[in-house]
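Enquirer: We have chain A; now place chain B onto it with these hints.
Chains as they are written, first to last, in the working numbering: chain A, 99 to 424; chain B, 99 to 424.
If you're looking for bench data, these hints aren't it; they were derived computationally from the structure.
Hints should not be assumed to be uniformly reliable.
Copies of the same chain look alike in the list, so a pair counts if it works inside one copy or between any two.
[Stated by the list, open to error] Simulated pairs of lysine-lysine, DSS-like, Cα-Cα distance not exceeding 25 Å: (1) LYS193 - LYS420; (2) LYS193 - LYS279; (3) LYS193 - LYS385; (4) LYS118 - LYS385; (5) LYS417 - LYS219; (6) LYS118 - LYS193; (7) LYS417 - LYS385; (8) LYS100 - LYS417; (9) LYS193 - LYS157.
Each chain, written out:
Protein chains: 2
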Amino acid sequence: MKRINIGLLGLGNIGTGTYKVLEMNRAHIEKTTGLNLEITKILEIDTERDRGIAIDPGKFTQDPRDILDDPGIDIVIELLGGIEPASSFMHTALKAGKHVVTANKAAVAANFELLTETAEKNGALLRYEASVGGGIPLINAITTALAANEFSELLGILNGTTNYILTKMTEEDRSYEEVLKEAQEKGFAEADPTGDVEGYDVANKLSILVSLVFGERVLPDDIPTTGVSGITKADIENAEEAGCVIKLLASAFRDDEGVHCFVQPTMLNKQHPLADVPGEFNALFLKGNAVDDLMFYGKGAGPFPTASAVLGDVIGIAKEIKRESK
Amino acid sequence: MKRINIGLLGLGNIGTGTYKVLEMNRAHIEKTTGLNLEITKILEIDTERDRGIAIDPGKFTQDPRDILDDPGIDIVIELLGGIEPASSFMHTALKAGKHVVTANKAAVAANFELLTETAEKNGALLRYEASVGGGIPLINAITTALAANEFSELLGILNGTTNYILTKMTEEDRSYEEVLKEAQEKGFAEADPTGDVEGYDVANKLSILVSLVFGERVLPDDIPTTGVSGITKADIENAEEAGCVIKLLASAFRDDEGVHCFVQPTMLNKQHPLADVPGEFNALFLKGNAVDDLMFYGKGAGPFPTASAVLGDVIGIAKEIKRESK
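The following block holds chain A by itself, in its conformation from the complex:
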């Protein structure tokens, strides 16, 4: 059994989900991979909150150097969210040759070159499957199994909050304000929903996908972005009459002039595979010149689906560490 020591930055909802899934499936992971994955240190101020799991209090630290400078830590999982200090912490870890796994779309979208180049230079691995599409294994597929394709088009539903709002508005004939309020009460939307409803969250994710699918860097701020806050009941009804539904789509395509991308509410014909993607689900539609049309569908957010992606990345890196140590 190969032991892998992990430092965890942030024990919020996603961090707690990751800790829980690792414990829940520990026996399965050990049996199928021969890996003993141990979260040995956790950067987190709130050590008192009841998270429904037993964590040795000695694992907590308030000093990032206890993780970033510890030569015994093989992999750093970054789940702080936000561009800083997350990006700086990842940069420091990669410079020290530590492997990094993150779910942080804002940090990866803002600092894609810096982080990927630092990883490359220092022989470290950087993985960020959870940053786009939650548990759906999109990034892994694009960068490995689909690597023989040139892609011409991508279309995605990449934000669960707005897809939930649009689904409810459509199915229950209710206004944006009413559904948003309910979503906030149920915890599906944040108290300040701006990042979701104005499409900025999707623009971050699209920026990452465009880098991988088309090999072009477009910063999130340079992606024309319209959210769903202006969508009215009348818009939904007009779409309905045209045999369509309105979805907040991330779109990118390549033509002779280059790569074009944008985030906007779009009328989708009900026959389109993305038209049926309900509630908090995410989906990505891709067109490659060998594989043709491809669609992935699954839970785009939430502690457990996100943990699935984070731990998939951790296991992938841990397998490489194990193989190299042979």
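Expert: Okay, now just chain B, sitting in the frame of chain A:
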């Protein structure tokens, strides 16, 4: 640029598609991966057929040893189909430490332990993404990005011919015999369609998936299998009246008694994500205890989609060769 020499067993439709996609996307693959992939030898009797590609006649051989015994060949792509001699050729290649990529579900399903264990023992890699779901990156996702999950259920539409037949019967209110005949004329069904329409092709694919998803070996012959040849117009109408469609499903689930699996025509509620999968598409629905519901959808057959999977496997192995040679 790292040069990788490939021996190709079989230049039928899939082999020709693989050769074409590699040439079509050569510049893209070289730029994104730094790999120079060269098919240097081809085992094929029919050297005269016009395949629409220029191939140096010196690459052809009729002796498998020219590939299996050549120390200069890094990767063997097996696209002969059928259990033998394909399995023996792959076994020989793996024993010699050569990496193997195959699209051959019958051979992998029949000889899963032998081939995977021989690969493991000899430090060789065996990849078979194209054997299930054509171009859809299922196997890669299950074995890598989803490795932190325990799965409880899988449901798949894994045969394009039967899905095409059932879709046409449903949409055009036509009989099985009529649609099959048309599918044969159009080349969507083989002259002897038994393997497809009786579900044996799906049983091979399900056997492979059950090994990977549940870690249990069930031989194709031990999977209760019913095909679509007995489906009548009345069956389709009855399903329609119940708000359902009939799909040929590969199903597997785990309960307290173990893993259960079967292949059979199934009435699916029209709301189910698999109900809309049309024509020659394939799809797989999975439920994991972290990721929850997940669906993949794409072209399950055809030279180019299958080539996408074959070359994705080749690139994955070639990247490992490149990294290890550093």
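Enquirer: Are any of the numbered hints broken by this structure? If so, which, sorted upward?
Expert: Of the numbered hints, 2, 3, 6 do not hold.
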